[in-house]
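**Q** Take a look at the letters that make up each chain.
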Amino acid sequence: MTNLFKGAAGVSMAALLGTTPASAVEIEYWQYFFEARVTAMEQLIENFEDANPDITVKMNHFPYADYRTKVAAAIPAGEGPDVVQLFYGWLNDYVDAELIQPLPDDLFPAAQIEEEFFPMVSAMKQDGRYWALPTAVRSLALFYNERLFDDAGIENPPQTLEELVATAEKLTKKDGAGNLTQVGLTTGMTAQDHHWWREVLLRQFGGTPYSDDNRTVTYNDEAGQEALQWYVDLEQTHGVTESTFMDEPQAAFKAGRAGMHIDGSFRIGALNDTRGLKWGVAELPAGPNGDRYNYASYWVNAITSKAEGEKYDAAVKFMAYITSDEAMQIWLETVGELPAKPSAALTDENTGDAVYGPFIKGLEYANTTVFVNESAQRQAMTDMVSRIELQGQSVAESLAQAAEEEQKILDEYYSE
Amino acid sequence: MNFYSNLNIGQKRVLWAWGFLAVPIIFYTVVRFYPTANAILLSFQEWNLLGDRTWAGLENYATLASDPVFWKVFKNTFLYLILGTPISLIVAFTVAYHLDKVRFMHGTIRALYFLPFMTSAVAMAWVWRWFYQPVPIGLFNNFLATFGIPQIAFLNSTTNALPAILAPAVWAGLGFQIIIFMAGLRAIPATYYEAARIDGVSRWTVLFEITIPLLKPTIVFLVVFSSIGFLRIFDQVFNMTTNNPGGPLNSTKPLVLMIYDTAFNGYDMGYAAAQTVVLFTILLLVSLLQLYLLRDR
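Residue numbers (the numbering used here), protein chains in the order written: chain F, 16 to 431; chain D, 4 to 300.
List of simulated lysine-lysine pairs, DSS-like, C-alpha gap at most 27 Å: (1) F:73 to F:332; (2) F:332 to F:85; (3) F:140 to F:332; (4) D:75 to F:423; (5) D:78 to F:423; (6) F:423 to F:140.
In short, the hints are calculated from the structure, not lab data.
The shape of chain F in the complex, shown without the other chains (with noise of 0.2 Å):
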């Protein structure tokens, strides 16, 4: 409130004396379109002018579509924002096209970061020095349908993954020709699946998917058979799933006709949004040795490197200020994404929220996989299900394909 004021009163001070502060500096900020992160955004920024009244900050926004190669076109051309947010598997892209330069040392020290924020943003250091940074963040958890919780008899959520087969069989119902009428648990590849399975399944199963600098795929052996043999075994032998069940995971799941759901943080706004149905949230089950994964993804804001002298140093300072942890409990209140630093994650509210409160668990343990083409890596997990269900082709040999196929992706991309 009194920041409020001050920033108030400066501005009609400055319009009584029809002078501007002296050092006055516009920066720009782009982001992709999507209404909750504008709004979000458009807050951060109000607050930030207040305590800073020599700066302006303008935000663009752009459909999703488009945002690539705006940004692309409008950097070099000295154009476009000095404070850019990008999709943290994009960084590569944007530090090899030198659309982006690394954050400061002395006002961000890599040692910093590394002790405040959660371990995945780890992924945005090169080099020694670190080039982006998110104020949000989405893990995985357990979606469940208190309704058919309580017909069913089940208590709790399932806490291992014994427990989830269990308790997923107890939620499967068929009809009089074995055609699956509602599933336990959701499945599918093509929706968050390959997430719950390369970095939660495969080293629950004392597995790892890539190597320490991510340039080698390490999943095509024996643990990794048995984790996706766990999992190929849900619809194929424990029968309490099928991967095109009503189309996609989480339709089955919002039309209340299935027991379980894996999915991500950003779900809750839509589930929240669906009447009649009353749902919780669980974290992952753990693992047979009683291990806890989870997969969080993010995107992050950078400096570009079109920001120079005054520009830099104020886009320097908004950076500093969306990644405080004040910005990060607006983030979380208004979009619904968690904070990326636990001071601001791991406070009693947050922890003890009964929607939040298991993403936000889960953000401790989680792991960020560096794509370097996330569609493509997913497709090589769905065909690798794929080969299995529709081929029957054994699970050892279409690991190895995937493992294969995958490579190939990875050697492509660095060896360029």
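Given chain F's structure and the hints, the job is docking chain D onto it.
**A** What follows is chain D alone, placed relative to chain F:
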């Protein structure tokens, strides 16, 4: 002004003619020829939309030739063509031939056939996608299940998915082809039929000796037109398989979808341009070949 008034009428005519022609020429140069030339150039380069375009020589084409997905997609594209074009033409001709003889509610029936052609391909694809779903939501499978018949995996099958996607595409184009066929049928002079009736030849002879030969210009037009349509199929496939575009296991992926995926998911613009050049060449060859085979001797 002086220059203009010194011209004779013939020269003025030429000036005006070129003046009017300049508009479509400039338009075509800017929105057709320039992008086409640029795409051909891009197919020899590498570009991820962000950095500079770098020279790659024939690398994109070499990658294409050794890409198993490309050959699968190539085969699919021709499957759409060799199934789609004859089926749609035979069905459209049969309907048009009989509709031509129907007097009862002729206009209404014709409008009903034309309706799908006016419907947005996207909306139509989504409705058919819902028809094809397994129990409990799919219309067809629910119907089968009611009678105790096992479900059919329409879209989630490597063999059924392509025909399942082709069916609504054929159905949607039918209205247009029927209208053109009917116009062609009406254009055949009635005197031929009268002569045939006097000679007392069979209905089949009339069909094969008079109707079909005289429909040749109509058939040529429709074959070329629908072939290009099936070679460029995209909307139906993309919208019916958005979860797993062109799947399962690339069994429904046509060339245009592969181009889209390479360009806007993989950001590999050079490779996508190479695929576009291949598609352009195929379209050109198929059209020229058909025009040659069906030309008037």
